[in-house]
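I would like the entire structure built from these sequences, with the hints used as guidance.
Respectively, the protein sequence lines represent chains A and B.
Counting from 1 along the first sequence, just add 28 to a position and that's the residue number in the numbering used here.
Counting from 1 along the second sequence, just add 131 to a position and that's the residue number in the numbering used here.
None of these hints come from the bench; they were simulated from the model.
Any given hint might turn out to be false.
[Claimed, not checked] A short, non-exhaustive set of chain B residues, derived as facing chain A with CB atoms under 10 angstroms:
no., residue
1, Ser211
2, Lys213
3, Gly214
4, Trp290
5, Gly299
6, Thr325
7, Lys334
8, Tyr335
9, Ala337
10, Leu513
11, Gly524
12, Leu527
13, Gly532
Here a beta-carbon is modelled for each residue, glycine too, at the ideal position from N, C-alpha and C.
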Amino acid sequence: MKFVGFMLLVAGWFLVLAAIVLLGSPGARGAFVFAGAGVEALGLSLVFRSHSIPREEDR
Amino acid sequence: MTTPALTEVTTVACLFFIFLTPMAAAGIAFINTGLGRSHSAAHMMMASLAALSIAGLVYFAFGFGWEGFIAGPAHTLTLSGKGWNWIAAEPFFFRKLASDGTPAFLAASLQVFCVGLAAMIPLGSGADRWRLRASGISTAILAGWTYPIFAHWVWGGGWLAQLGANYGLGHGFLDVGGAGTIHVVGGLTALSITWILGPRRGKYSADSMAPAIPGHNAVLILFGCLLALVGWLGFNSAGAILFVGGEPSGSALIALNTILAAAAAALTAAFITKIRFGKPDASLTANGWVGGLVASSATCAFVVPAEAVVIGSIAGAVVTFSIEWLELKLEVDDPGGAVSVHAIGGLWGLLAAGLFARFQGPVWNVADRSAAAAAGDSGQWLAQVIGLATLLGFVLPLTYGLNWLLNLLYPYRVSVEGERQGLDLHELGAGAYPEFVTHTEDFIP
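Here it is in structure tokens:
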């Protein structure tokens, strides 16, 4: 899950870069930048979840 | 192409501000030490000194080579007809950098302190369990690679700064005093370190709420806040002159905005803790203060004082709630509050720059000065969002990946016995407070 989370972070960033390079219209560019940020947020939540401490053992 | 020379008055002013910056490092060192336990206090100070030293030397050796300065030699990619300046091509060891007060030389001198401060931030999150040598190696990676790459994109005329000139996104991604380049980079490294190290022994258990492990010295923490303010005045003012083309006369507004943001943040944190816990909490108030300073680093040159108060207040609230949320809900054991104060505070400051910043004239943050002069203000918020996305989508995976690999080669965490004994005795052979009475729990196996 950790690896997938980091891959989503990077993928979201590439979405943002693609939006800047490929999209000329400000509206579309802004929408896809936020879409990329959303993918990053998903990845970040997965990374946080993957680092949560197991509850079944005494730490 | 080179940047225009600074006037003599501007050069002297810039030098004065650079001389103030070590106070920020001293302040952060005190805060980190005070927030940690007494049996690792000397170790934290030693690690702070080591981080400053290693970061400075590594940055001198090849960090500046990757970061460079506006209009310096750099490698550029061409994408859809636009040049993306992605890494500098300066010689290593400051060779060919004229030491005569040119903007590039002043920037390199400032950056030695900037990268040192960034390297000290993760120490707070790794308190009480991060081996000294491991923290030194991690510092070298941050100073030689992670920091210079992102800082080039923002302060070296790189592609983030070029978003305005290339794509009409305001004046490009703006970060006057290092909210992103120093604090978010340091804070995300701190987050990576907490994940790699794991929590302190006894912090989280299966059947009870995480106990608070309070800092051992509130006086150090709060005094550190006062020192940090002086240093922040230096970073913000020097950064404005060197990285966005500000004038020395603008430093009065920068200083006012910096103190107002810190004050508003601290009082907000104190108020929130008074409401929630019955008494204001000193360490959370201190964290709020620094969070306000961090947020001000992004915005100080481009907002009015009333906006600085708003930005600081929000920073104080965000930092206070995020410390608790990270500790209790997300189980991130961060003794120094580095992730909340520096990463989250910095992200808020950068976003606030997009929402509140107003520009009286051009921002000289790219090599192409005609493009900088022609840049408008609209789209600034999107440029800031792109910068935030870069921090989370590039810097965080990079810093986590590098530290994770290093941990495989040289384990970061001290042994269980070392953590129980305290890092002062275990790694340095001497405690910070030899007159302290040894507690019986130290002898319980």
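Now the hints, each set against the structure:
A distance limit of 10 angstroms between C-beta atoms decides the matter here; for serine 211 of chain B the minimum to chain A is near 5 angstroms, and the interface restraint holds. For lysine 213 of chain B, the suggested interface contact is upheld, since its CB lies about 8 angstroms from the closest CB of chain A, less than 10 angstroms. A cut of 10 angstroms between beta carbons decides the hint on glycine 214 of chain B: the least distance to chain A is about 12 angstroms, and the hint is violated. A hinted interface residue such as tryptophan 290 of chain B counts as satisfied when its beta carbon comes closer than 10 angstroms to some beta carbon of chain A; here the least separation is about 9 angstroms, so the hint holds.
Hint status for glycine 299 of chain B: holds, given a least beta-carbon distance of 8 angstroms to chain A, under 10 angstroms. Taken as an interface hint, threonine 325 of chain B checks out: its beta carbon lies about 8 angstroms from the nearest beta carbon of chain A, inside 10 angstroms. Checking lysine 334 of chain B against chain A by beta carbon gives a least distance of about 8 angstroms; that is within 10 angstroms, so the hint holds. Evaluation of the tyrosine 335 of chain B hint against chain A yields a held restraint, the C-beta minimum of about 5 angstroms falling below 10 angstroms.
The interface hint given for alanine 337 of chain B is met, as the beta carbon of that residue sits about 5 angstroms from the closest beta carbon of chain A, less than 10 angstroms. Look at leucine 513 of chain B: its Cβ gets to within about 6 angstroms of chain A, closer than 10 angstroms, so that hint holds up. For glycine 524 of chain B, the shortest C-beta to C-beta distance to chain A is roughly 3 angstroms, which falls under 10 angstroms, so the interface hint holds. The criterion of a C-beta within 10 angstroms of any C-beta in chain A is met by leucine 527 of chain B, whose closest approach is roughly 6 angstroms, and the hint holds.
With 10 angstroms as the threshold, the beta carbon of glycine 532 of chain B comes within range of chain A, its nearest partner Cβ sitting at about 7 angstroms, so the hint holds.
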